[in-house]
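Colleague: Given the structure of chain A, go ahead and fit chain B onto it with the hints provided.
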Amino acid sequence: MSAGPERAPAEPAALPQSLRRNAPLVPTDGSASRALAAVIAILTFLAALCAGAAEIVASSAAQWQGAVSQEVTIQVRPGPGRDTEADVARAVALAKEAPGIAGTRALSKTESEHLLEPWLGSGLDLGELPVPRLITVRLAGAGTPADLPALRARLAEALPGAASLDDHALWLSRLSTMAHTFVGIGVGVVALVLVATGLAVTFATRGAMAGNREVVEVLHFVGAGDDYIAREFQRRFFRLGLRGGAVGAGAALALLALAAWLARLWRASPAGDEIEALFGGFEISWRGYASVVLIGVIASVVTGVVSRLTVRRFLA
Amino acid sequence: MSGGSLLSGADESVVRFENVGMRYGVGPEVLSDVSFAIAPHSFQFLTGPSGAGKTTLLRLILLSARPSRGLVSLFGEEVSGISSQRLTGLRRRMGVVFQDFRLLDHLTTYENVALPLRVQGRAETSYRAEVVELLRWVGLGERMHVLPPLLSGGEKQRAAIARALIARPELLLADEPTGNVDPQLGRRLLRLFIELNRLGTSVLIATHDHALMDLVDARRFVLGNNHLRIEG
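The listed protein sequences correspond, in order, to chains A and B.
Counting from 1, position 157 in the first sequence corresponds to residue 157 in the UniProt record's numbering; the numbering is continuous, with no gaps.
Counting from 1, position 101 in the second sequence corresponds to residue 101 in the UniProt record's numbering; the numbering is continuous, with no gaps.
Don't read these hints as lab results, they were simulated from the structure.
Backbone N, C-alpha and C define an ideal beta-carbon position, used for all residues, glycine too.
Incorrect hints may have been included.
As the list claims (entries may be wrong) - Quick list of simulated restraints, FRET-style, between CB atoms:
#1 VAL293/A - GLU195/B: 57 to 63 angstroms
#2 LEU309/A - ASP217/B: 49 to 55 angstroms
#3 GLY179/B - LEU192/A: 52 to 58 angstroms
What the hints assert, rightly or not - From the derived model, a few chain A residues whose C-beta atoms are all more than 10 angstroms from chain B:
#4 THR144
#5 VAL195
#6 ARG206
#7 ARG287
If we strip away everything but chain A, and leave its shape as in the complex, we get (with noise of 0.2 angstroms):
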């Protein structure tokens, strides 16, 4: 007993490391914390799935526009008395006198009767059938932009009733809209998602305060600011929301990885050719990523304070 109570200032030496266990002021209730974790957990899985699924459609409809958008096509149409091989070549004269075009190809007959060959079959003798010819027309780009409409006048003055020229507009902007209203819906879903996360922080924190109401009032007693407490109920659920978050953004990076190995897996196989003709080629951008692990941190961030403004209005 000789160590007994004498001052002595190197004391922390001599204690336990034990003594730093430093428990959470507001004790952690297993069960209910398990249940909230997970339906954070949950929440976020389908808040990044959905965010994932809206990054594949935005960066497919972005390659599809920005391959689709450096070409235009001019159609040449048989007619009768025409020299289509001729309308070809006047066709391509002109679209290579027009500024702003860095090159022209026009499809060889053979190549535009293959076009037809998935609707019409092969074997058959097409060179009774009046096939319409196509010309590709690169685009040199934002440096020097075409004037796309002196091109079409210019066509149909030369060539009338038998060339034209698509350049893909309305398909283009059909291709965006769809695209922003699925990052639009994709959004929605991750905002609602975030807020029915925040509802249920808030009820599980209603129901730890009640369960706590003692812990609170010695905290009171002991000295302990509003503010104080409310952190602590913040670092408690932050916690809580990180570990739901982590999961569930773990899940869904998982899930989307295992998605994008399976698309690699199919596009090596003929069936795969036409899903990544459909459907792009489901690729997940860093980005993609980065938004999943985003919305887990966020989840966690929401949980953390909205408990702690929870609390503060509880103790108000």
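Modeller: Frame of chain A, contents of chain B only:
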């Protein structure tokens, strides 16, 4: 020290009650016209039969209940309509020992005793030695890692007292602090309170243990029939 106004000069008391009445809801008054003052460095007992309103009076001082009428001043400050921030400031100048201890069951004895310092935002290293020393002083040196449910009644009481003392309060309120300990330990705890009083803390001990009160020559606030009488 004469720089303050006349009013604050007249109100040097740590606690001052003027014609305080208290009723719960629409029931009858449990306290009527209670007036007293606790001077700095003073030592007094609060006594009276069970149900006389001792705990209610302590709650009024702790500001966990508000009086139905009358004036309550703490450390020279009138407390009606006080902000929650000021309230926290006033509570930090008081230490309280509850009859039912109110230790937090999920914290160790050490953490419970350190609580008043921890909620002030102090780093754990800055108070560790202090807390351990006090724990040893009240005989809980070997029990500091134990959770309260595993402590005996007497140990809980000593932990509660240590928690009330650790922040060196200017006013110590104790509700039956010797109710659960044997007379010998009761006298030891009383000596601790007296020692604390000598160091400058005003002490108010609610008890109905007359043997204990007879050990000290101190003022007695006697509650009976909803009124307070001061003896000595």
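Colleague: Decide, holds or violated, for the assertion that all CB atoms of chain B are farther than 10 angstroms from the CB of VAL195/A.
Modeller: The assertion about VAL195/A holds, with a minimum of 30 angstroms to chain B.
Colleague: Evaluate the condition: distance from the CB of ARG206/A to the nearest CB of chain B exceeds 10 angstroms.
Modeller: The claim stands: ARG206/A keeps its Cβ more than 10 angstroms from every Cβ of chain B (closest is about 19 angstroms).
Colleague: Going by Cβ atoms, does THR144/A stay more than 10 angstroms from chain B at every point?
Modeller: holds, 66 angstroms
Colleague: Could you see if the CB distance from LEU309/A to ASP217/B stays within 49 to 55 angstroms?
Modeller: Once the Cβ atoms are compared, 53 angstroms apart, the range 49 to 55 angstroms for ASP217/B and LEU309/A holds.
Colleague: Would the non-interface assignment of ARG287/A survive a Cβ cutoff of 10 angstroms against chain B?
Modeller: holds, 41 angstroms
Colleague: Holds or violated: the 57 to 63 angstroms window for the beta-carbon distance between VAL293/A and GLU195/B?
Modeller: With Cβ atoms ~59 angstroms apart, the hint holds.
Colleague: Is 52 to 58 angstroms respected by the C-beta to C-beta distance linking GLY179/B and LEU192/A?
Modeller: holds, 56 angstroms
When held up to the earlier numbered hints, the structure conflicts with none and fits them all.
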